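So the protein lines, in turn, are chains A, B, C and D. Residues 4 to 342 (the working numbering) are what the first sequence spells out, left to right. Residues 4 to 342 (the working numbering) are what the second sequence spells out, left to right. Residues 4 to 342 (the working numbering) are what the third sequence spells out, left to right. Residues 4 to 342 (the working numbering) are what the fourth sequence spells out, left to right.
Just so you know, the hints here were simulated from the structure itself, not pulled from any lab data. This one's a predicted model, so the numbers in the text were calculated from it and none came from an experiment. Hints may be right or wrong, so weigh each one.
For chains that are exact copies, the list does not tell them apart, and a pair is met inside one copy or across any two.
[As the list claims (entries may be wrong)] Think about it this way: if two alpha-carbon atoms lie no more than 30 Å apart in a straight line, the pair counts; the simulated DSS-like pairs of lysine-lysine are:
1) K18 / K280
2) K280 / K81
3) K280 / K71
4) K71 / K81
5) K18 / K31
6) K74 / K280
7) K71 / K122
8) K122 / K319
9) K18 / K331
10) K31 / K71
11) K71 / K18
12) K280 / K331
13) K331 / K71
14) K280 / K122
15) K319 / K71
16) K81 / K31
17) K122 / K81
18) K18 / K319
19) K319 / K280
20) K74 / K331
21) K31 / K74
22) K81 / K319
23) K122 / K18
24) K18 / K81
25) K331 / K31
26) K122 / K74
27) K122 / K31
4 protein chains.
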Amino acid sequence: MMIVIMQPTASMQEKSGIVAWAEDHGYKVHLSSGSERTLIGIIGDDRYINREQLERMAGVERVMPVLKPFKIASREFKPENTRFAVGDHVVGSDEIIIMAGPCSVESRSQIIETAQACKEAGAHILRGGAFKPRSSPYSFQGLGEEGLQYLAEAREITGMPIITEVMEPALVPLVCQYADILQIGARNMQNYALLHAVGESQHPVLLKRGMSSLIEEWLMCAEYILSHGNTRVMLCERGIRTFERYTRNTFDINAIPVLKELSHLPVIADPSHGTGKWEYVESITKASIAAGADGVIIEVHPRPEEASSDGRQSLKPERFANLVRDMKAIATAVGRDVR
Amino acid sequence: MMIVIMQPTASMQEKSGIVAWAEDHGYKVHLSSGSERTLIGIIGDDRYINREQLERMAGVERVMPVLKPFKIASREFKPENTRFAVGDHVVGSDEIIIMAGPCSVESRSQIIETAQACKEAGAHILRGGAFKPRSSPYSFQGLGEEGLQYLAEAREITGMPIITEVMEPALVPLVCQYADILQIGARNMQNYALLHAVGESQHPVLLKRGMSSLIEEWLMCAEYILSHGNTRVMLCERGIRTFERYTRNTFDINAIPVLKELSHLPVIADPSHGTGKWEYVESITKASIAAGADGVIIEVHPRPEEASSDGRQSLKPERFANLVRDMKAIATAVGRDVR
Amino acid sequence: MMIVIMQPTASMQEKSGIVAWAEDHGYKVHLSSGSERTLIGIIGDDRYINREQLERMAGVERVMPVLKPFKIASREFKPENTRFAVGDHVVGSDEIIIMAGPCSVESRSQIIETAQACKEAGAHILRGGAFKPRSSPYSFQGLGEEGLQYLAEAREITGMPIITEVMEPALVPLVCQYADILQIGARNMQNYALLHAVGESQHPVLLKRGMSSLIEEWLMCAEYILSHGNTRVMLCERGIRTFERYTRNTFDINAIPVLKELSHLPVIADPSHGTGKWEYVESITKASIAAGADGVIIEVHPRPEEASSDGRQSLKPERFANLVRDMKAIATAVGRDVR
Amino acid sequence: MMIVIMQPTASMQEKSGIVAWAEDHGYKVHLSSGSERTLIGIIGDDRYINREQLERMAGVERVMPVLKPFKIASREFKPENTRFAVGDHVVGSDEIIIMAGPCSVESRSQIIETAQACKEAGAHILRGGAFKPRSSPYSFQGLGEEGLQYLAEAREITGMPIITEVMEPALVPLVCQYADILQIGARNMQNYALLHAVGESQHPVLLKRGMSSLIEEWLMCAEYILSHGNTRVMLCERGIRTFERYTRNTFDINAIPVLKELSHLPVIADPSHGTGKWEYVESITKASIAAGADGVIIEVHPRPEEASSDGRQSLKPERFANLVRDMKAIATAVGRDVR
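With these hints in hand, go ahead and build the complete structure from the sequences.
Printed below as a string of C-alpha cells:
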C-alpha cells in the first residue's frame with residue numbers, strides 16, 4: 004500500500020488522474036479528503052507499485068510507502084528464526100558461532116598454523132581470503148585458487164568448514180568447489196550479478212553490509228539471493244562509514260536488534276572490520292553477543308606484524324583464546340551457549 | 004610536536020623560513036632531508052603551536068600533529084581511572100551506575116511515581132528534564148524551576164541523587180541549588196560559555212557527545228571543563244547521526260573502548276537516545292556494559308504513551324526492572340557489579 | 004495533519020482509542036480502512052499534535068506528519084522573498100551581497116587594513132570575530148569587546164556595516180551596541196537561549212547551519228528567531244560534516260535550491276568554511292551564485308600565514324579582488340547583479 | 004615515503020627493528036630523535052610499503068603516508084589535462100560536454116523520441132540504461148541487449164555517440180559492440196573485476212563515484228582502470244550519502260575543484276542523481292559548470308510520470324532546452340564554451 008499526498012492546490016481532475024491510474028493498474032483505491040488536502044491510498048503489493056511514476060503525476064506532493072520493500076527476508080513472511088547446519092554447528096540456533104582466521108591466505112604453512120591455533124582456541128569455522136578486494140591495484144590481491152587449495156588442506160587437518168570471499172560471478176563455481184560458505188564482501192553488497200550467481204548456488208552465503216548501506220538496502224540484497232532460491236543467508240554487520248577517525252569504521256551495534264526484529268535471518272558480527280584496531284575487537288565482540296548476534300567472525304594471525312593485509316586489526320591466537328573464554332561468559336549471561 | 008612536510012619544490016629559503024619561525028617562537032627544530040622532500044619537526048607543546056599559521060607559510064605542503072590536543076583529559080596525564088562518589092555509589096569504580104527516569108518532569112505526581120518505580124527496580128540516580136531543548140519553538144519546553152522542585156522532592160522521598168540538564172550559563176547557579184549532577188546536552192556540547200560555567204561549579208558533570216562530534220572534539224570539550232578546575236566529568240555516548248533511518252541515532256559502541264584507552268574519565272551509555280526506540284534499549288544497554296561502560300542512563304516512564312517528550316524511547320518500569328536483572332548478569336560476566 | 008498507520012493486528016478497541024484521543028484533543032479525524040490495515044488521519048496543526056504520544060499508543064505502527072513543522076519560515080506562509088536593507092544594499096533582492104573580512108579581529112591595524120582592502124575589492128559588509136568559539140581551551144579566544152571597538156572603527160573609516168558572532172545570551176546587548184548583523188555560529192545553531200535572545204533584538208541575524216543539521220532542523224531554528232518577532236533572518240550554508248577528508252567540510256550546494264523552495268529567507272554561502280582550503284574558495288563561490296545564493300561571506304586576510312585562526316582558508320586581498328570580478332560575470336549570467 | 008612515529012616508551016631495540024625491516028625491504032631510512040619521541044622516515048614508493056605491517060611492529064605508535072597512493076591518475080604524473088575526442092567533441096578541453104537521455108531505455112520509440120529531443124536541445128552524447136542496477140529484485144531490470152540495439156538505432160538517427168552502463172565483466176564485450184562510452188555505476192565503483200575488464204577494453208569509461216567513497220578511493224579505482232592500459236577515463240560526481248533527507252544525495256560540489264587539483268582526468272557532474280529531484284537539477288547543473296566541471300550528464304524523459312525508473316529526477320525536454328541555454332551563459336562567464 005502506498006499513500007499519495009496531493010498538493011493543497013490539486014484540482015479535481017488531478018485527483019481523478021491518480022485514481023484512474025491506480026485502477027488501470029489493477030489496484031484498489033481509498034480516498035480521504037480533508038479540509039486542507041486529499042490523501043489517496045493505493046492498495047496492492049508495494050513491490051510492484053511504481054512509486055516514481057506516481058511522484059511525477061500532476062498534483063502529487065509526496066508518495067509514502069506503508070509496507071517494507073523486502074518480503075522473503077522479512078519476519079512477517081517467516082516468523083521463526085532461520086537455522087541451518089554448517090559442519091557440526093547450527094547457525095541461528097541458541098549457540099554462538101565463531102568464525103576465525105587470517106584476513107588473507109598467505110602461504111600453506113601460515114593458514115595451517117592459524118587454523119590449528121583457532122581450532123584449539125575454540126573456533127568453529129575457518130575464514131581466509133584467497134581473492135582479495137584491495138583499494139590499490141598495487142597491493143597483494145590474494146593467492147587465488149592456490150589459496151583455496153591451502154584452505155581445503157587446513158579443513159582436512161582441523162575438520163573446520165571454511166568461509167572465503169567470492170568477488171565475481173564467473174568465479175562462483177570455482178569457489179564453490181572448495182568453500183563451505185561463500186562470503187560477499189562489503190564492496191560487492193550491491194553487485195547484483197554476483198548476488199544472482201550465489202543465489203543460484205547451493206552454498207550458504209554470508210552477506211556483508213555495504214559500507215554506507217541502509218539496513219533496508221541490505222535486506223533487499225538478501226532478498227535478491229533468497230529470491231533466486233537460496234535460503235541459507237547470514238547477514239554480517241562490519242561497521243559503517245562515518246566521520247569518526249579513531250576507528251576505521253563505526254560498528255553499528257543497533258543493527259543487531261533491528262535485524263532481529265525485521266528479519267528471520269542469522270546475524271553475524273565482524274568486530275575486526277567494525278573497529279579496524281585489534282585493541283577494540285574484544286570489547287565489540289562481547290558487546291555483539293550481549294546485543295543478540297548469532298555469531299562472530301574475527302581476524303586472527305599468528306604474527307600480525309607480518310600480515311599482508313589487515314594486520315592492524317588481527318588478534319594473536321593467545322588473545323583470541325582468552326576472548327573465546329570471555330564469549331562463553333557473555334553467552335551464558337544472555338541465555339546462549341558457545342559449544 | 005608538529006611535523007611540517009615541505010613541498011618537493013620548496014626552496015632553501017622557504018625551509019629556513021619555517022626554522023626561523025619555530026625558533027622565534029621558542030621551539031626546537033629537527034630537520035630531516037630526504038631525496039624527495041624535507042620534513043621539519045617542531046618540538047614543543049602542540050596545544051600552543053599555531054598549526055594554521057604554519058600551513059599557510061611558503062613551501063609547506065602539510066602539517067601533521069604528533070600528539071593529541073587534549074591533555075588533562077588524557078590517560079597519559081592521569082593513568083588511573085577517575086572515580087568519585089555520587090550518593091552511596093562510586094562512579095568509575097567496579098560497579099555499574101544506573102541512572103533512570105523520565106525524559107521530562109511533567110508533574111509532581113509523575114516524577115515521584117517514576118522515581119519510586121526506578122528506585123524499586125534498582126536505579127541509583129534519578130534523571131528528569133526541567134529545562135528541555137526542543138527542536139520546535141512550539142513544543143513543551145519543560146516546567147523550569149518548578150520541575151527542579153519536584154525533582155528535589157523525589158530525591159527526599161527516594162534518597163536518589165538527581166541529574167538534570169542545564170542549558171545556559173545564567174541558569175547554572177539555579178540548577179546547582181537543586182541538582183547533584185549537571186547534564187550538558189548533545190546540542191550544547193560545544194557551548195563554550197556553558198562549559199566554562201559548569202567548569203567553575205563544584206558539581207559533577209555528565210557531558211553528552213554532540214550528534215556528529217569526533218571523539219577528539221568531545222574530549223576537548225571535557226578539557227574545557229577540566230581546565231576550569233572541575234575534575235568530576237563523565238562522558239556520555241548517546242549515538243551519532245548517520246544515514247541510517249530505522250534508528251533515531253547510531254549508538255557508537257566503539258567509542259566505549261576508544262575512550263577507555265584515550266582517557267581516564269568515566270563513560271556512561273545512553274541507549275534511549277542511542278536508538279530512539281524502546282524495543283532496542285535492552286540490547287544496547289547490555290552491549291554497552293559488555294563493552295566496558297561504567298554506567299547507563301535510561302529513560303523510564305510509567306505511561307510512555309502520555310509522555311510529553313521521547314515516549315517512543317522510554318521503557319515502562321516493569322521492563323526496566325527486568326533489564327536491571329539482565330544488567331547484573333552481564334556485569335558479572337565482565338567482572339563488574341551492580342549494587 | 005498526521006497519518007497514523009495502525010498495525011495489521013490492531014483491534015477495533017485500539018482504533019477507537021486513537022480516534023477518542025484525537026477528538027479529546029480537539030482534532031478532526033479521517034478513517035480509511037483497507038483490507039490489510041487502517042489509516043487514521045488526524046487533522047489539525049501539526050506543530051501541536053504530540054507525535055510521540057501517538058507513536059506509543061496501543062496498535063500504532065507508525066505516525067507520519069504530512070505538513071512541514073516550520074511555519075513562519077515557510078514559503079507557504081510568505082510566498083515572496085524576504086528583503087531588507089543593510090547599509091546601502093538590499094539582502095534578498097536581485098543583488099548579490101558580499102561579506103568579507105578576517106576570521107578573527109587580531110589588532111586595530113589588521114582589521115582596518117583588511118577592511119580597506121575588502122572595500123576596495125568590492126565587498127559590502129565587513130566580517131570579523133571578536134568572540135571566537137575554539138575547539139581547544141588553549142587557543143586564542145578573540146579580543147572580546149576590544150575587538151568590537153576595532154570593528155566599529157573600521158566601519159567608521161570604510162562605511163561598511165559589520166557582522167560579528169555572538170556566542171551567549173548575556174552578550175547580546177553588548178554585541179548589538181557595535182554590530183549591524185549578529186552571526187550565530189554553527190556550533191550554536193541549536194542554542195535555544197541564544198536564539199531567543201537574538202530573536203528579541205532588533206538586529207538582522209545570520210544563522211549558520213549546524214555541522215550535521217538537517218535542513219528541516221535549521222529552518223526550525225530560524226523559526227525560533229522569527230517566532231520571537233525578529234523577521235530579518237539570513238540562512239548561511241557553511242558545509243556539513245561527512246566522511247570526506249580532502250576538505251574540511253562538504254559544502255551542501257543542494258541546500259541552496261532546497262531552501263529557496265521551502266522558505267522565503269535569504270540564503271548566504273560560506274565557501275571558506277564550506278571547503279576549509281583557500282584553493283577551493285573561488286570555485287565554490289562561483290558555484291553558489293550560479294545555484295541561486297543571495298550572497299556570500301568570505302574570509303580574507305592580508306597575511307594568511309600570520310592569521311591567528313583559519314589562515315588555511317583565507318584569501319589574500321588580491322585574489323579576493325579577482326574573485327569579485329568573477330562573481331560579477333556569474334551574477335550576470337544568472338540574471339543578477341553585484342553592485 | 005612513510006613516517007613511522009615511535010611510542011615515547013619505545014626501546015632502542017624496537018627502533019632498530021624498524022630500521023632493519025626497512026633496509027631489508029630495500030628502503031632508505033631517515034632517523035629523527037626528539038626529546039620525547041623518535042620519528043623514522045622510510046623512503047621509497049608508498050604504493051609498495053606495507054603500512055599495515057609497520058603499524059603492528061613493536062614500539063610503533065602511528066604510521067603516516069606522505070605521498071598520495073594514486074600515481075597514474077595524479078596531476079604530478081601528468082600535469083596537463085587529459086583530453087580525448089568522443090564524436091565531434093573533445094572531453095577535457097575548453098568545451099562543456101552535455102550528455103542527456105532517459106534513465107532506462109524503455110522502448111524503441113521512447114529512446115528515439117528522447118534522443119531527437121535531446122539532440123535538438125543541444126546535447127552531444129546520448130545516455131540510456133539497458134542493464135539497470137535496481138535495489139529491488141522485483142523492479143524493472145532493463146531491456147538488456149534489446150535496449151542496446153535501440154540505443155544504436157538512436158545513434159544512427161541523431162548522430163550522437165552513446166553512453167550506457169555495464170554491470171559485469173562478462174558483459175563488457177557485448178556492451179562494447181554497441182556503446183561509445185562505458186559507464187561504471189556508483190554501486191560498482193569498487194567492483195575490481197569490472198574495473199579490470201573495462202581497463203582492458205579500448206573504450207572511454209565514465210567512472211561514477213561510489214555513494215560513500217572518499218575522493219582518494221575513487222581515484223584509486225580510476226588508477227585500476229588506468230593501470231590496465233586504458234587512459235580515457237572520466238570521473239563522474241553523482242552525490243554522496245549523508246544524513247540530509249530533502250534530497251536523495253548530497254552533491255559534493257567541492258569534489259570538482261579537489262579533483263582538478265589532484266588529477267588530470269576530466270570531471271563530469273550528474274545533477275540528476277546528485278539531487279534526486281528535477282526541481283534542483285537546473286541549479287546544480289549551473290553550479291557544476293561554475294565550479295569547473297568539464298561536462299554534465301542529465302536525465303531527460305519526454306513523459307517523466309511514465310518513466311520506469313528515476314522519473315522523479317528527470318527533466319522534460321523543454322526544461323532541458325532552457326537549461327542548455329543557461330549553461331551557455333555560465334560557460335561563457337567562466338571562459339568556456341558549449342558548442
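Are there hints from earlier that the structure breaks, and if so, what are their numbers?
Of the numbered hints given earlier, those the structure breaks are 7, 9, 13, 17, 20, 23, 25, 26 and 27, listed in rising order.
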